[in-house]
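Novice: Chain residues, written in single-letter form:
Protein chains: 4
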Amino acid sequence: MFSVQDFKSVVDKYKIIFFDAFGVIKSYNGLITGMEKTFAYLEEQGKEYYIVTNDASRSPMQLAESYHKVGLDIIQHDRIISSGMLAKEYLDLKVNDGIVAYLGTESSAHYIDSSGLHTLPVSAITQYNIDQVNALVLLDDEGFNWFDDLNRTVNILRKRTIPAIVANTDHIYPITGSNEVSIAIGGVATMIESIVGKKFIRFGKPDSQMFMFAYDLIRERTPVSKKDILMVGDTLHTDILGGNKFGLDTVLVLSGNTLPDDAETRIRATGIVPTYVCESAVV
Amino acid sequence: MFSVQDFKSVVDKYKIIFFDAFGVIKSYNGLITGMEKTFAYLEEQGKEYYIVTNDASRSPMQLAESYHKVGLDIIQHDRIISSGMLAKEYLDLKVNDGIVAYLGTESSAHYIDSSGLHTLPVSAITQYNIDQVNALVLLDDEGFNWFDDLNRTVNILRKRTIPAIVANTDHIYPITGSNEVSIAIGGVATMIESIVGKKFIRFGKPDSQMFMFAYDLIRERTPVSKKDILMVGDTLHTDILGGNKFGLDTVLVLSGNTLPDDAETRIRATGIVPTYVCESAVV
Amino acid sequence: MFSVQDFKSVVDKYKIIFFDAFGVIKSYNGLITGMEKTFAYLEEQGKEYYIVTNDASRSPMQLAESYHKVGLDIIQHDRIISSGMLAKEYLDLKVNDGIVAYLGTESSAHYIDSSGLHTLPVSAITQYNIDQVNALVLLDDEGFNWFDDLNRTVNILRKRTIPAIVANTDHIYPITGSNEVSIAIGGVATMIESIVGKKFIRFGKPDSQMFMFAYDLIRERTPVSKKDILMVGDTLHTDILGGNKFGLDTVLVLSGNTLPDDAETRIRATGIVPTYVCESAVV
Amino acid sequence: MFSVQDFKSVVDKYKIIFFDAFGVIKSYNGLITGMEKTFAYLEEQGKEYYIVTNDASRSPMQLAESYHKVGLDIIQHDRIISSGMLAKEYLDLKVNDGIVAYLGTESSAHYIDSSGLHTLPVSAITQYNIDQVNALVLLDDEGFNWFDDLNRTVNILRKRTIPAIVANTDHIYPITGSNEVSIAIGGVATMIESIVGKKFIRFGKPDSQMFMFAYDLIRERTPVSKKDILMVGDTLHTDILGGNKFGLDTVLVLSGNTLPDDAETRIRATGIVPTYVCESAVV
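Chains as they are written, first to last, in this note's numbering: chain A, 102 to 384; chain B, 102 to 384; chain C, 102 to 384; chain D, 102 to 384.
By construction, these hints were calculated from the structure, which means they are not laboratory data.
The model shown is predicted, which means the values in this text are computed figures rather than measured ones.
Keep in mind that a hint or two might mislead.
Any copy will do: because identical chains look the same in the list, a pair fits if it lies in one copy or spans two.
Each computed DSSO-like pair below joins lysine-lysine, with the alpha-carbon atoms no more than 30 Å apart [said to hold, decoys possible]:
id: 1; residue 1: LYS300; residue 2: LYS260
id: 2; residue 1: LYS138; residue 2: LYS327
id: 3; residue 1: LYS116; residue 2: LYS170
id: 4; residue 1: LYS260; residue 2: LYS328
id: 5; residue 1: LYS300; residue 2: LYS138
id: 6; residue 1: LYS299; residue 2: LYS328
id: 7; residue 1: LYS260; residue 2: LYS299
id: 8; residue 1: LYS170; residue 2: LYS300
id: 9; residue 1: LYS299; residue 2: LYS327
id: 10; residue 1: LYS138; residue 2: LYS260
id: 11; residue 1: LYS299; residue 2: LYS148
id: 12; residue 1: LYS116; residue 2: LYS300
id: 13; residue 1: LYS116; residue 2: LYS327
id: 14; residue 1: LYS328; residue 2: LYS170
id: 15; residue 1: LYS116; residue 2: LYS328
id: 16; residue 1: LYS148; residue 2: LYS260
id: 17; residue 1: LYS300; residue 2: LYS328
id: 18; residue 1: LYS300; residue 2: LYS114
id: 19; residue 1: LYS148; residue 2: LYS138
Turn these sequences into a full structure, and let the hints guide you.
Specialist: Given below as structure tokens:
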């Protein structure tokens with residue numbers, strides 16, 4: 102029912118392309134073969150592109166380096182919009198002083214740290230400093246002891262009435278080089294949220310704030326209409342739902358989460374309808 | 102624990118004020134006494150203000166008139182941001198032709214109609230035109246037969262893989278002149294969504310798109326920082342959660358949904374923390 | 102992966118068979134062809150059988166008559182266990198006096214009425230008798246005005262702290278003679294429950310109380326082990342999940358809700374695994 | 102509105118008493134002072150009693166010993182009905198061979214082990230034995246490495262279409278001697294369930310199967326009506342909701358989860374109404 106279209110002919114209709122990262126540019130085994138051609142083509146055609154990704158484990162600078170390592174030197178850090186950037190903006194705007202407790206690696210905290218707040222891992226929160234904790238941020242699933250620190254997180258949130266920020270809404274992510282998955286911090290956040298009964302603040306697709314952040318960056322330099330932007334993703338309920346809701350045209354690519362045989366069933370079952378379906382984002 | 106502050110002293114710190122409508126400006130019995138003074142004060146001080154409301158039952162023009170009727174002549178239609186406007190923008194951007202089926206009054210459909218699409222009530226969808234239905238919009242809880250048309254809606258969405266748009270996320274609204282409530286179209290939407298198992302597209306607070314729409318309008322005329330904007334609302338999980346997440350400072354007023362005696366308990370229980378708490382939005 | 106087995110050879114291993122009604126015995130078009138042979142075979146083999154059905158629209162007597170009308174004279178009312186019987190038992194045990202308000206037809210209320218309580222439709226609840234309302238029962242999706250009476254129901258439950266009983270957990274049911282569905286009272290109940298934020302008491306599969314009711318009836322006459330009972334159903338998340346959890350062996354039949362092409366996908370996706378899969382319950 | 106009644110005068114109306122354990126008999130600091138008098142009184146009056154508890158960390162024998170240690174020698178193991186017993190019954194009835202993988206302590210597995218199946222911790226499941234895993238049971242929050250084994254659990258359930266059994270539905274439990282809580286295995290189960298998208302089989306209050314198990318034990322020796330049984334608990338949504346639904350009269354005691362000042366608010370908010378409210382279960 103949904104005809105699979107040629108990616109190049111789709112891309113030719115738009116001025117600006119938003120890409121999801123995993124399943125679109127990268128896969129279990131590194132760079133998806135041919136994606137370097139896509140970015141070369143976009144440069145050649147003078148089209149702008151952004152990577153819009155649910156990732157709060159690293160800074161845009163570090164994310165850009167991860168593309169360079171797999172041979173995609175063209176990706177600059179200012180082309181990367183991550184959910185971590187939104188978490189950082191939230192802290193800059195809304196938390197003025199005190200401690201920001203976090204779950205994640207030191208590296209993930211280093212990025213949000215730059216806002217001038219005092220970041221401390223959840224494991225460092227004690228009865229002596231808990232009263233200064235003014236926000237709790239869930240950044241990454243690594244870098245802490247799950248049993249100890251998830252229990253600590255629940256107890257901090259029972260004692261302190263403070264915002265809890267989830268910097269990545271994904272529930273799982275694939276493990277490179279295997280066909281297994283890991284529980285992402287967004288999945289952990291859902292458990293903690295249901296246990297403490299409080300409402301967390303979540304950043305990441307499908308929420309429009311991700312798209313708006315990119316849209317705003319573009320408009321600072323040049324006037325643009327939503328009609329000129331195409332969102333490319335492999336996941337219906339984040340990339341496509343979010344893109345659609347923000348008013349963008351969307352392409353579902355079949356190189357990641359959504360397998361070619363399942364695409365139609367899933368589109369029907371969810372009611373999340375991409376504007377186009379393409380095999381991959383390779384031109 | 103949360104000290105109740107004077108609204109005027111709070112407002113004085115900001116350049117732009119966003120107001121929720123019901124429970125802040127209006128109540129069961131019409132205009133909340135003294136609100137005309139608030140808007141006079143804002144005009145006098147050269148502060149900008151917007152009404153940011155989950156309402157898709159009428160156009161901004163008609164909403165403005167409803168304020169004029171209760172004696173608040175100052176409110177102009179271009180100061181009103183409604184969730185209906187976002188639904189309309191979505192249709193303009195994303196649905197190019199065919200029929201848009203709707204649940205709501207003719208008046209609510211008239212507003213989205215202007216986008217050039219053919220709007221038809223769900224009751225007018227038959228086996229002969231169902232194939233042309235390219236979107237379904239839930240606008241208002243009145244104007245249709247619930248038993249017949251909610252069942253029709255379920256069957257349309259089982260047959261057609263199309264976007265379903267909810268133009269007002271509220272689950273209930275108060276009935277003027279009583280202490281009773283009515284089920285809002287957002288509550289009905291949740292039922293239909295769970296029955297058909299599809300993902301609906303929802304517009305309205307706490308979603309950031311509402312705040313972004315207002316923010317964009319302002320920035321077209323003048324540069325502004327989120328730090329300069331204050332969101333005033335009576336409901337924690339729409340007004341305050343949404344304002345906070347967008348990065349705005351927020352005031353919870355105790356003139357509507359959140360009663361003075363419950364405010365602290367609810368803030369603790371939900372973890373949704375306003376920047377300030379004020380008795381009302383009257384200066 | 103799941104081999105489809107012959108129903109007779111499966112049935113031969115058990116002494117007592119529980120059947121779901123719709124999709125197993127009856128379909129859109131009346132009796133499923135051949136089911137009269139199944140019941141004749143069970144009688145001949147001296148096996149006991151029960152119909153375990155989520156239905157609160159009629160008494161077991163009336164349900165038995167509905168089988169007689171389509172030519173299945175063998176089904177006696179004492180072989181029918183309905184979720185309505187559990188709702189009735191609840192009222193008998195737990196509500197001692199006053200009014201039981203209901204949503205449903207007069208006929209559905211007539212059945213629960215026999216417990217000696219005063220049953221009144223929600224439409225008859227006024228400010229003068231609301232204080233005597235000691236329970237609210239959701240029986241059937243017909244027999245009332247949805248807009249008026251669902252709004253009344255919400256307001257009754259906001260004013261009175263009383264149990265709300267849902268006598269049928271199904272969210273939809275198929276309309277005879279068409280390929281359309283109707284919203285069942287269980288779907289309506291979910292909406293009301295989420296709007297008033299209270300916990301409803303639900304009777305019906307997959308809840309074990311349905312199976313226990315039948316199990317108790319049998320044990321009054323003869324000792325029996327759960328190992329001797331087979332549950333036959335067409336729906337994974339009611340019949341099969343409920344049967345499994347109660348400790349029964351289960352057959353998924355492909356004559357109703359679960360289509361032959363979808364069975365394996367759905368079993369994998371839900372993790373609800375029947376002991377057997379059969380084309381139908383026809384011997 | 103809800104008058105607090107004397108526990109002895111309530112108990113005098115019933116022949117059989119079901120007690121929840123934590124918050125009713127025991128608290129953070131061991132035995133609730135005076136509970137030894139309650140059990141002496143019940144013995145003296147010839148009333149039967151059972152402890153109905155969401156606990157799968159130990160056998161009834163070990164649970165009985167835990168009462169002896171705090172000075173309540175009267176509690177015999179055959180008076181204890183735990184959710185672990187239901188999990189064990191499920192495995193006995195429904196899983197015939199192969200490996201049962203588990204999350205929990207060795208001691209918790211030892212109890213279910215007796216059914217003749219081969220139990221192995223999730224950490225011992227490899228590519229070589231995963232095909233023999235026929236069920237996965239979540240028993241206790243201790244005894245395993247959360248990060249490693251929760252990720253392993255997700256991947257086992259992605260690869261194997263097998264029942265996942267949750268032997269304790271509680272989301273948190275209090276830590277003795279502190280005012281902190283621990284995440285219970287039921288809370289962990291909810292996260293895993295939502296991540297893998299499968300339906301788990303849960304045993305524990307408020308599910309009726311817990312009450313039925315006790316009810317059946319009693320009826321083996323003596324005829325009894327549900328009208329003769331009283332359920333005593335400190336938690337509305339497990340003890341009281343479950344007892345009510347099963348058709349029992351219920352007492353909410355204010356010695357545990359539900360604080361005296363919150364009782365009325367919570368009863369109103371949840372709509373879960375106990376038959377009586379008592380300060381504690383001390384006579």
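Novice: I want to check one pair: LYS299 and LYS148. Are their C-alpha atoms no more than 30 Å apart within a copy, between two copies, both, or neither?
Specialist: neither (43 Å within a copy, 34 Å between copies)
Novice: Using 30 Å as the alpha carbon limit, work out where LYS116 and LYS327 are close: within a copy, between copies, both or neither.
Specialist: both (10 Å within a copy, 29 Å between copies)
Novice: I want to check one pair: LYS300 and LYS328. Are their C-alpha atoms no more than 30 Å apart within a copy, between two copies, both, or neither?
Specialist: between (34 Å within a copy, 23 Å between copies)
Novice: Between copies, within a copy, both or neither: which fits LYS138 and LYS260 at Cα up to 30 Å?
Specialist: Neither: 53 Å inside a chain and 35 Å across chains, both beyond 30 Å.
Novice: Which holds for LYS299 with LYS328 at a C-alpha limit of 30 Å: within a copy, between copies, both or neither?
Specialist: For LYS299 and LYS328, only the inter-copy Cα distance (25 Å) is at most 30 Å; the intra-copy one is 38 Å.
Novice: If the cutoff is 30 Å on CA atoms, where do LYS116 and LYS328 land: within, between, both or neither? Let me know, please.
Specialist: within (9 Å within a copy, 32 Å between copies)
Novice: Which holds for LYS170 with LYS300 at a C-alpha limit of 30 Å: within a copy, between copies, both or neither?
Specialist: Neither, since 38 Å and 37 Å both go past 30 Å.
Novice: For LYS148 vs LYS260, is the C-alpha pair at or below 30 Å within one copy, between two copies, both, or neither?
Specialist: neither (50 Å within a copy, 38 Å between copies)
Novice: For LYS300 vs LYS138, is the C-alpha pair at or below 30 Å within one copy, between two copies, both, or neither?
Specialist: neither (43 Å within a copy, 35 Å between copies)
Novice: Which holds for LYS116 with LYS170 at a C-alpha limit of 30 Å: within a copy, between copies, both or neither?
Specialist: Intra 28 Å, inter 47 Å, cutoff 30 Å: intra-copy only.
Novice: My question is about LYS260 and LYS328: at a cut-off of 30 Å on alpha-carbon distance, are they close within one copy, between copies, both, or neither?
Specialist: between (47 Å within a copy, 29 Å between copies)
Novice: Could you figure out if LYS328 and LYS170 sit no more than 30 Å apart (CA to CA) within one copy, between two copies, both or neither?
Specialist: neither (34 Å within a copy, 39 Å between copies)
Figure legend: structure checked against the earlier numbered hints; hints not met, in rising order: 5, 8, 10, 11, 14 and 16.
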